[in-house]
Amino acid sequence: MLPLLAGSGGRVLAAFSGQPGEPYETIRGTCCCLAVGDRDPETAGVSAPVFGPGRVLLGALTLAGPSTRVDAAFLQRMRRPLLQAAARATRAFEDASMLEQASLAAEAQP
1 MLPLLAGSGG
11 RVLAAFSGQP
21 GEPYETIRGT
31 CCCLAVGDRD
41 PETAGVSAPV
51 FGPGRVLLGA
61 LTLAGPSTRV
71 DAAFLQRMRR
81 PLLQAAARAT
91 RAFEDASMLE
101 QASLAAEAQP
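Just so we're aligned, residue 1 is where the sequence shown starts under this note's numbering, counting upward by one.
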């Protein structure tokens, strides 16, 4: 088992389960979390939530790997494709407009 309040996947699950404060407010606003060395000093990842009917949190999609190969720049480039994948997964259950808007916003950010 992994700690819920560390790592990109755990932080996304915590944010969309109502965890107060930062960084959870930002995660809810961007619909994703990028973490390098957060849970494990040698691991990096980016995660986005997947919702079911009634916008109930079902889980998180995560792209992760060793931080020697998966650095912050790579994760930044993968934010939009990951958000698009989370939107497709959510769309199978529910309206995905929130994730689709976050995907467009991720494209506009450097």
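For the record, the hints were derived by calculation from the structure and aren't laboratory data. Ideal placement from N, C-alpha and C gives every residue a C-beta, glycine not left out. Be a bit skeptical, because a hint or two may be false.
[Claimed, not checked] Pairwise CB distance ranges (calculated):
#, residue 1, residue 2, range
1, S17, S97, 28 to 38 Å
2, S97, P20, 17 to 27 Å
3, A72, A108, 27 to 37 Å
4, Q101, M1, 12 to 22 Å
5, D95, T68, 31 to 41 Å
6, P23, E107, 13 to 23 Å
7, D71, D95, 28 to 38 Å
8, P41, Q101, 18 to 28 Å
9, G29, G59, 29 to 39 Å
10, Q101, E42, 17 to 27 Å
11, S97, D40, 19 to 29 Å
12, A6, D71, 25 to 35 Å
13, M1, A108, 11 to 21 Å
14, Q76, E22, 31 to 41 Å
Status of the hints after comparison with the structure:
Range check, S17 to S97: about 21 Å between beta-carbon atoms, so the 28 to 38 Å window is missed. Between S97 and P20 the beta carbons are some 25 Å apart, a value that agrees with the proposed interval 17 to 27 Å. For the hinted restraint 27 to 37 Å between A72 and A108, the CB-CB distance of approximately 18 Å leaves it violated. Checked against the hint of 12 to 22 Å, the pair Q101 and M1 fails, with Cβ atoms roughly 33 Å apart.
Between D95 and T68, the C-beta spacing of about 39 Å keeps the proposed range 31 to 41 Å intact. Remark: the range hint 13 to 23 Å for P23 to E107 is upheld by a beta-carbon distance near 21 Å. A C-beta distance of roughly 34 Å is found between D71 and D95, which places it inside the suggested range of 28 to 38 Å. Checked against the hint of 18 to 28 Å, the pair P41 and Q101 fails, with Cβ atoms roughly 33 Å apart.
Remark: the range hint 29 to 39 Å for G29 to G59 is contradicted by a beta-carbon distance near 20 Å. For Q101 paired with E42, a C-beta distance near 33 Å fails the hint of 17 to 27 Å. In this structure the hint that S97 and D40 lie 19 to 29 Å apart at CB is violated, the actual value being about 34 Å. As the Cβ distance of A6 to D71 is approximately 19 Å, the hint placing it in 25 to 35 Å is violated.
One distance hint, 11 to 21 Å for the beta-carbon pair M1 and A108, is violated here, with the actual separation near 37 Å. Range check, Q76 to E22: about 20 Å between beta-carbon atoms, so the 31 to 41 Å window is missed.
When each numbered hint is compared with the structure, violations occur for hints 1, 3, 4, 8, 9, 10, 11, 12, 13 and 14.
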